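Asks: Letter by letter, the chains look like this.
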Amino acid sequence: MRAVTLCGVAERLIYLDHAATTPMRAEAVEAMRPYLTEVFANPSGSHRFARRARQAVDEARESIAATIGCDLGEIVFTSGGTESDNMAVRGSAESRAGRPVCTATEHHAVLHAVERLAGGVVRVGATGEVDLEHLESVLADGPVSSVSVMAVNNETGVIADLAAVSRIVRRRAPGAVVHTDAVQAACWIDLRTIWPHVDTLALSAHKFGGPKGVGVLAIRAGSNLAPLILGGGQERDRRSGTHNVAGIVSTATALALTDHERAAEVARVSAIREELFTRLASIEGLRRTVPATSSVPGVAHLCITGVESEALLYLLDEEGVCASSASACASGAMEPSHVLAAMGVGSDLARGSLRLSFGHTTTASEVADAADVIGRSVERVREATRRLGSSRN
Amino acid sequence: MKVLVAMSGGVDSSVAAALLCEQGHEVVGVTLRLWGGESDTGCCSVSDVDDARRVAQQLGIDHLVFNFTDDFHRDVVEPYVADHATGVTPNPCIECNRHLKFDRLFDRAEILGFDAVATGHHARIAADGSCLRVERGADPAKDQSYVVHMLDQSRLARTLFPVGHMTKSDVRHHAARLGLRTASKPDSQDVCFITSTKNEAGETGRSAFLRRRIELHPAEVVDESGQRLGSVESVELVTLGQRRGVAGGGGTKRFVVDVDVPGRRVTVGPEESLLVDHEIGTATTWSAGPYSGSVLVQCSAHGAPRSATIVSDDPNEVRVEWAKPERRISPGQSLVFYDPTDRFVLGGATTVASKISSATP
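As they're listed, the protein sequences go chains C and E. The working numbering numbers the first residue of the first sequence as 1 and each following residue consecutively. The working numbering numbers the first residue of the second sequence as 1 and each following residue consecutively.
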């Protein structure tokens, strides 16, 4: 367990919510500093000072392109994963005929953009895999502007078969942009293996140790995408707005480190996740939502019968374990998961969903401690529920 | 004590939380997300959650949001709609207290290890011998004992109403003194899930809300002899005892004396036709066990209490015999029984539609 100082109060925290955001890497923090202080120039300027900032952005762009396996001219910097997803869906719809299509388990950044354009939604199977037959039939139902399939699901960690999706789209809807939200993939999957299958790929810096507020959209050369944000014409007219130089430099630093350490991290965190499930095995009514082989190691998703996650999360929080269930709405209330619903998980089971997500700072001993806390908390909920039940009868 | 305080984002529950902190309790605030649909001033709109959270931050306490939208829909909204379809006049605020605040939230609090649940209701809990009573709030104009009448001994033992001994202006002064952002926030009004946004037909409020969920039917308005006087657009929206909006001017004041939803017929008549000598209540709750004898009965949130005698040999059903003929209460409304000195709640019941013969003319 690490000691963390929150608002001046030292608290013991086990942070298992890395899919929500992961701590910045120290190197990424350091990389920002010069561009927040002495090199403050606007990189679009025409003086030598501006050229120094420009060089930093260009070097970052080159570094990021190398980790994706694309050309540096194909990188567009945005304000985050949500903007990148919106640009892919809405920008492609604006510049070509047809409606956007996505899977039912996409992040809301894609799903709501597709729904707003009255797009098509493709079903998924019981383990979250894209229903390829349904994809074919949706593509047969009129012209399509884009097909979005997230590389890794943010709730369950399920990995999509993008090669198979891509083959179908190329055959059935050759004019459509194939987009992938790779926000949750960056830490666990070599992006160079994803890029050949897609036309656009979205990343969010704060999910891999970079700062919040920086995103990337890789756009394959020749894909025609209308800009969402108009203005000074930065990013070759694809995304206007003064560059967030410090954020961009920091993003490149974090992504390079992530890319470098990925193979080792996958092995290390996989072992931690399996150890967690072993420790939780004695909890009655616990169901692992997806098999290890079809999900990234960074996410452990489970459902516990008869234990409401809202209550469980409170008890975990009380003992310093930070976890999550589904997404929270604007009020902060937990919303029923559209991902689990699409996978056909019953609402009773889905009400007891729990997502523990791991990252570069996660240790085996933290996860072992968390497993103890989870076991204890589940028992507390069940004991109280029994007590309430018997006092009613 | 470890206390979970329900914070709606209004001034009363803000001050309730503040007082609990001042009293040295370990306090956690919670806002219930109840209504998933649109809302203008509703108790669970995002801006109200923001207000509650900001107050909790100012007080230095944790703030949670529980999503009880499914329960609210099942226990409050669906019955509200179904009642209208059968000519019953529901009381959703009471059902929300019964099922959400003092049941679902209580259970959750128990599971999470809290000793008590607090709300900002204007009512007091006091010991009366060996039992606990809900007493009227100190501010007669704001008394809410009527809407929390269903609390039984086991609930009362774990409930706190920290502002019940204060007047509304005391509450506002206290909030202002603490610099709470809710100090001058207007009181909430009406049913939280009914909005003023227009539907396709240009309707607002209850009719717009209901028309999206059930079919509303026009009905004829007749007098007691059966003579047609006019019509109403939606029989489901007419309430027994209503005066406004039904045809039939004439010299005398006319009241709705019968609502026949399946027959699509509203009967109007003089006040005398509404007078009855008793009401029958079901779904009875008792604060400290069944009671028979002389009581005061409150029939609406701020109605004047009426003298009556409770005759009951069935713990679930009561016969309320009025001391003098009284206007009938629309079925679905709550009857809340107070002790003869009008100080504390004895219990409550829901009126049922029954063919009650009018009091002797």
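These are calculated hints, taken from the structure and not from any lab test. These figures come from a predicted structure and were not determined experimentally. Treat the hints with care, since some could be wrong.
[As the list claims (entries may be wrong)] Facing chain E, a subset of chain C residues (Cβ under 7 Å, in silico):
hint : residue
1    : E265
2    : G306
3    : Y314
4    : G332
5    : A384
[To be verified] Over the 10 Å line for every Cβ pair with chain C, so calculated as not near, a few chain E residues:
hint : residue
6    : Q23
7    : F66
8    : G113
9    : R181
10   : G289
[To be verified] FRET-style restraints, in silico, Cβ to Cβ:
hint : chain 1 : residue 1 : chain 2 : residue 2 : range
11   : E       : P270      : C       : A118      : 52 to 60 Å
12   : C       : G375      : E       : A301      : 41 to 49 Å
13   : C       : E133      : E       : A82       : 36 to 44 Å
Even glycine gets a Cβ: it sits at the ideal position worked out from N, Cα and C.
Asks: The structure should be examined with respect to each hint, and the outcome stated for every one.
Replies: Against the structure, the hints come out as follows:
no.: 1; hint: E265; verdict: violated, 34 Å
no.: 2; hint: G306; verdict: violated, 11 Å
no.: 3; hint: Y314; verdict: holds, 5 Å
no.: 4; hint: G332; verdict: holds, 4 Å
no.: 5; hint: A384; verdict: holds, 4 Å
no.: 6; hint: Q23; verdict: holds, 22 Å
no.: 7; hint: F66; verdict: violated, 6 Å
no.: 8; hint: G113; verdict: violated, 7 Å
no.: 9; hint: R181; verdict: holds, 17 Å
no.: 10; hint: G289; verdict: holds, 17 Å
no.: 11; hint: E:P270 x C:A118: 52 to 60 Å; verdict: holds, 57 Å
no.: 12; hint: C:G375 x E:A301: 41 to 49 Å; verdict: holds, 47 Å
no.: 13; hint: C:E133 x E:A82: 36 to 44 Å; verdict: holds, 41 Å
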